[in-house]
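A.B. asks: With the first letter of the sequence shown counted as 1, position 199 gets the number 199 in the working numbering; the numbers rise by one all the way through.
Just so you know, the hints here were simulated from the structure itself, not pulled from any lab data. Careful: at least some of the hints might be erroneous.
Listed next, with one range per pair, are the computed distances between beta-carbon atoms [as the list claims (entries may be wrong)]:
#: 1; residue 1: E158; residue 2: V40; range: 21 to 31 Å
#: 2; residue 1: E283; residue 2: Q350; range: 18 to 28 Å
#: 3; residue 1: D331; residue 2: E296; range: 35 to 45 Å
#: 4; residue 1: G287; residue 2: R253; range: 50 to 60 Å
#: 5; residue 1: A256; residue 2: E285; range: 40 to 50 Å
#: 6; residue 1: E44; residue 2: E123; range: 14 to 24 Å
#: 7; residue 1: Y165; residue 2: R207; range: 54 to 64 Å
#: 8; residue 1: T278; residue 2: K319; range: 12 to 22 Å
#: 9; residue 1: A256; residue 2: R321; range: 49 to 59 Å
Backbone N, C-alpha and C fix where the C-beta goes; we use that ideal spot for every residue, glycine too.
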Amino acid sequence: MKRLPSRFYDFLRLFQSRLSLRIVFWIFLSIAVIETILLVPSVERRKQEVLARIVEVSSGKMNWIFATYPEATGAELLEHTRQLYANPMLRMIVGGAVYKPNGNLVGTFGEPPVMTFVEAQRESRIYLQGQGGDRYEVAWKTPQADGEHAIVIRHNAEIMRSEIYAYILRILGLVFIISAFVTLVMLITLGPLVITPILTLRRDLLRAGEDVRHDQLMPGFGSSTIKRRDELGEVITAFQRMFAQICQAISERKQAEKELLQANQQMEQYIQQASRVTTAAAEVEKGIFQPESLTEIALRNDELGQLARVFQRMASEVKQRETQLKQQIADLKIEIDQHRREQEVAQVVQSGYFKELQQEVDQMNLDEFWS
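Generate the whole structure from the sequences, applying the supplied hints.
C.D. replies: Here's what the structure looks like:
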């Protein structure tokens with residue numbers, strides 16, 4: 001019981017589908033056009049049937065007259081046909097005329113026919129339409145004793161229009177019923193075969209667009225359950241393949257962005273560490289460099305790490321040499337000071353005054369001096 005409203009709702013959705021409405025409209029229109037084309041000869045055939053029914057009785061009566069009065073003259077034929085006109089059972093006969101073999105008119109009764117003797121000789125049949133009503137004139141030829149006479153009977157064909165109109169209405173109603181039935185069947189058939197898969201694919205396309213826009217690739221589309229071996233199945237397969245390619249491209253893009261971010265971070269770290277090496281060079285120049293500041297950079301296995309290690313070693317050697325130079329300068333200064341004192345002592349010793357003092361000391365008796 002619960003599935004019935006759902007199916008009814010799905011059926012009503014078909015009337016909201018523009019594609020299904022277009023398809024069934026053209027199907028309905030095609031059937032209507034074909035039936036209309038076939039209606040023209042059908043109406044003409046129906047017209048001939050009605051005319052044949054109109055003259056059926058009069059034709060039988062005329063054949064009876066020809067068979068009963070084979071030797072009748074033209075005047076007698078006129079009288080016999082006038083009796084048919086007077087018969088209330090033959091109200092469809094509204095007039096007539098009889099022609100002699102030479103074409104002269106024997107006489108007329110009722111409404112005079114418009115058919116000429118030449119047309120009557122060919123046993124023509126003329127359908128006439130007018131404001132006073134439709135008429136149908138039929139001609140017969142009969143060999144009599146005084147020659148071949150021509151008889152024209154004028155029939156009332158007013159029933160023709162009502163019969164044709166009723167026939168056309170019946171045919172149009174039948175065409176409408178057939179077209180509506182075929183259209184409804186096609187609409188119901190198009191639902192599961194075309195419309196529902198297309199609507200499902202449209203929902204999947206909208207969902208795929210939202211997933212791509214929000215960067216949330218979630219598999220499992222509704223159209224993945226549709227297995228078909230036709231053009232619509234190929235479209236669904238192409239959509240699934242395209243979405244898989246999009247997912248792969250997005251995954252590759254994310255991986256590339258991740259690698260690019262890591263490369264940027266590494267580059268930023270590289271630039272910072274290169275700047276640290278440059279700062280270390282300035283610190284060496286100022287004499288405040290600490291080799292430990294480049295320890296982290298020296299652990300790298302690239303050119304910057306090698307440069308930091310060389311720089312540490314170079315700075316250490318420079319510091320060591322500076323220390324040695326300072327020590328050598330200090331030693332050299334001591335030597336210079338000692339040499340200078342020796343020179344000063346030598347100058348004092350070699351002076352004349354020092355020599356005189358030394359001679360006096362040598363001549364002096366130290367015991368006497370201290371006693």
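A.B. asks: Each of the hints needs a verdict: does it hold here or not?
C.D. replies: Hint-by-hint comparison with the structure:
no., hint, verdict
1, E158 to V40: 21 to 31 Å, "23 Å, holds"
2, E283 to Q350: 18 to 28 Å, "54 Å, violated"
3, D331 to E296: 35 to 45 Å, "39 Å, holds"
4, G287 to R253: 50 to 60 Å, "52 Å, holds"
5, A256 to E285: 40 to 50 Å, "43 Å, holds"
6, E44 to E123: 14 to 24 Å, "20 Å, holds"
7, Y165 to R207: 54 to 64 Å, "57 Å, holds"
8, T278 to K319: 12 to 22 Å, "19 Å, holds"
9, A256 to R321: 49 to 59 Å, "50 Å, holds"
Hint compliance for this structure: hint 2 alone is broken.
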